[in-house]
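Hey, can you work out the whole structure from these sequences and the hints?
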Amino acid sequence: METQQQERNSSQVQFLAAKVEACERALPRLDARLDMLTHRVAAGSAQLAKLQADVALQLQHIRQEALTQQMTSPYNSNPTQLLPTVPMTSRMQSQVEELVSSRVQASEERLHVDVDRIRAAQAKATPTDPNAVVNAVSMHLTQFKREFDANQAGVLRQFTENMSSDGRRLEERIKQVEAQIGSLEAVIQSEQQASLLALEAISDAFNDPAAPNKA
Numbered sequence: 003m004e005t006q007q008q009e010r011n012s013s014q015v016q017f018l019a020a021k022v023e024a025c026e027r028a029l030p031r032l033d034a035r036l037d038m039l040t041h042r043v044a045a046g047s048a049q050l051a052k053l054q055a056d057v058a059l060q061l062q063h064i065r066q067e068a069l070t071q072q073m074t075s076p077y078n079s080n081p082t083q084l085l086p087t088v089p090m091t092s093r094m095q096s097q098v099e100e101l102v103s104s105r106v107q108a109s110e111e112r113l114h115v116d117v118d119r120i121r122a123a124q125a126k127a128t129p130t131d132p133n134a135v136v137n138a139v140s141m142h143l144t145q146f147k148r149e150f151d152a153n154q155a156g157v158l159r160q161f162t163e164n165m166s167s168d169g170r171r172l173e174e175r176i177k178q179v180e181a182q183i184g185s186l187e188a189v190i191q192s193e194q195q196a197s198l199l200a201l202e203a204i205s206d207a208f209n210d211p212a213a214p215n216k217a
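Heads up, the sequence shown is in the numbering used here, so the first residue is 3 and it goes up one at a time.
What the hints contain is simulated information worked out from the structure, not anything from laboratory work. Just so you know, even glycine gets a beta-carbon here, dropped at the ideal spot from N, CA and C. Don't take every hint at face value.
Between beta-carbon pairs, the in silico distance windows are [as the list claims (entries may be wrong)]:
| # | residue 1 | residue 2 | range |
| --- | --- | --- | --- |
| 1 | LYS52 | VAL115 | 48 to 58 Å |
| 2 | ASP56 | LEU29 | 17 to 27 Å |
| 3 | ASP56 | ALA181 | 15 to 25 Å |
| 4 | ALA181 | ASP37 | 19 to 29 Å |
| 5 | ALA188 | ALA48 | 12 to 22 Å |
| 6 | GLN49 | ARG159 | 25 to 35 Å |
| 7 | LEU59 | LEU29 | 36 to 46 Å |
| 8 | VAL22 | ALA48 | 35 to 45 Å |
| 9 | GLN62 | ARG175 | 10 to 20 Å |
| 10 | ASN164 | LEU198 | 46 to 56 Å |
Structure follows, in structure tokens:
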């Protein structure tokens, strides 16, 4: 009987030793995974903060673009217009100027053609009426001003719509990142729980009164 008891005790000790060895091998892997997930959460949090800052900056640029457009219009006659507190970035200014330039160029070309046509027609007329030339040029300048203002308004509207679309895409990206962070946090909690259970199993194995008392 004593020999059988010793064999059982020896077998139980070997079993517990194998469990301890397996847990010791698993702990570094669990720690490494926990560290990796922690780094991923930190990176996701930093990315989320950057995206939120980008959204706020884009919205501020939209507001400042509207104010800047009103301020820089050469035909703006409203003395109560507010001045922008922050100028547009060079990239935004370049985009707006390019759009305005491409649209205004067509109006300028039409204006020059009309003026040349009027001068040619007046040169052939007998006698020449200076007032008619002045009136015709004034009419075309008025038309040019109207087209210029319409172009500026169209450019601003298009630019604002593009910025709003970019803002919506950034908000969707923020939601995706937040969802990823929530998923990572759930995985980390699961890994932590698994690590705690493994440690509890090791502790229970060593504190099992059956092994030492029967030895």
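We went through each hint and held it up to the structure:
The hinted range of 48 to 58 Å is satisfied by LYS52 and VAL115, whose Cβ atoms lie roughly 51 Å apart. Here the CB-CB span from ASP56 to LEU29 is close to 41 Å, at odds with the stated 17 to 27 Å. Taking the beta carbon of each, ASP56 and ALA181 are about 18 Å apart, inside 15 to 25 Å as hinted. Here the CB-CB span from ALA181 to ASP37 is close to 23 Å, well matched to the stated 19 to 29 Å.
Checked against the given bound of 12 to 22 Å, the beta carbons of ALA188 and ALA48, roughly 20 Å apart, stay inside it. Taking 25 to 35 Å as the suggested C-beta distance range, the pair GLN49 and ARG159 conforms, at roughly 32 Å. The hint said 36 to 46 Å for the Cβ distance between LEU59 and LEU29, and at roughly 45 Å that hint holds. Between VAL22 and ALA48, the C-beta spacing of about 39 Å keeps the proposed range 35 to 45 Å intact.
A C-beta distance of roughly 18 Å is found between GLN62 and ARG175, which places it inside the suggested range of 10 to 20 Å. Separated by about 51 Å at the C-beta atoms, ASN164 and LEU198 satisfy the suggested range of 46 to 56 Å.
Hint 2 alone, counting from the list given before, is not met by this structure.
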